[in-house]
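Modelling step: build the complete structure from the supplied sequences, incorporating the hints.
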Amino acid sequence: MDHLPGQRRRPKRLDAAIAVVIAFAALWITPGDPAAAPAYGDPRPQPNVILIVTDDQRWDTLWAMPTVQRELVRRGVTFSNAFVVNPLCCPSRASILTGLYSHSTGVYGNKPPFGSFPSFRDRSTVATWMKAQGYETAYVGKYLNGSPRT
0 MDHLPGQRRR
10 PKRLDAAIAV
20 VIAFAALWIT
30 PGDPAAAPAY
40 GDPRPQPNVI
50 LIVTDDQRWD
60 TLWAMPTVQR
70 ELVRRGVTFS
80 NAFVVNPLCC
90 PSRASILTGL
100 YSHSTGVYGN
110 KPPFGSFPSF
120 RDRSTVATWM
130 KAQGYETAYV
140 GKYLNGSPRT
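Residue numbering for the sequence shown is 0 to 149, as defined by numbering that gives the first Met the number 0.
Simulated from the structure, these hints should not be mistaken for laboratory data.
Beta carbons: idealized from backbone N, C-alpha and C, even for Gly.
Check each hint, because a few of them may be wrong.
Unchecked claim - Across the chosen pairs, the derived CB separations fall in these ranges:
{"id": "1", "residue 1": "Arg43", "residue 2": "Tyr107", "range": "35 to 45 Å"}
{"id": "2", "residue 1": "Pro111", "residue 2": "Arg74", "range": "31 to 41 Å"}
{"id": "3", "residue 1": "Pro111", "residue 2": "Arg43", "range": "37 to 47 Å"}
{"id": "4", "residue 1": "Pro86", "residue 2": "Pro42", "range": "41 to 51 Å"}
Unchecked claim - Only pairs whose alpha carbons sit at most 35 Å apart, straight line, appear in this in silico DSBU-like list of lysine-lysine:
{"id": "5", "residue 1": "Lys130", "residue 2": "Lys110"}
{"id": "6", "residue 1": "Lys141", "residue 2": "Lys110"}
{"id": "7", "residue 1": "Lys130", "residue 2": "Lys141"}
Right, dumping it as structure tokens:
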């Protein structure tokens, strides 16, 4: 079963279109000015880091973006044996952003009181760690259910 009874399923084409938009946006993100990064004694510029997290992404929706896939694989890192620590989107996303399990993030589900943005303590995430190292950080799309719109 792909979804819960009574739950509406987005069309596969919409999932593919969302994935394409995210992937193309990631390819056009421009790096920050290396001169603006703090100097730690290493003259080499910091590498660009793009973390793409897709929600409800199934393997059979990737057909819509072969060029993007090829370029991301050619220029980046792929994980062929990956898993998630929680099958629900909010706890899984909170875990990937913090490196912690759900019982440590406080996000156990997708809706309050046991999940979504109000439960998430986002003061220590991959974004805050990268920012502390001089990176410019941003996110596009859904952060966690119930997060404030910016």
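Quick rundown of the hints versus the structure:
no.: 1; hint: Arg43 to Tyr107: 35 to 45 Å; verdict: holds (42 Å)
no.: 2; hint: Pro111 to Arg74: 31 to 41 Å; verdict: holds (39 Å)
no.: 3; hint: Pro111 to Arg43: 37 to 47 Å; verdict: holds (45 Å)
no.: 4; hint: Pro86 to Pro42: 41 to 51 Å; verdict: holds (45 Å)
no.: 5; hint: Lys130 to Lys110; verdict: holds (29 Å)
no.: 6; hint: Lys141 to Lys110; verdict: holds (14 Å)
no.: 7; hint: Lys130 to Lys141; verdict: holds (20 Å)
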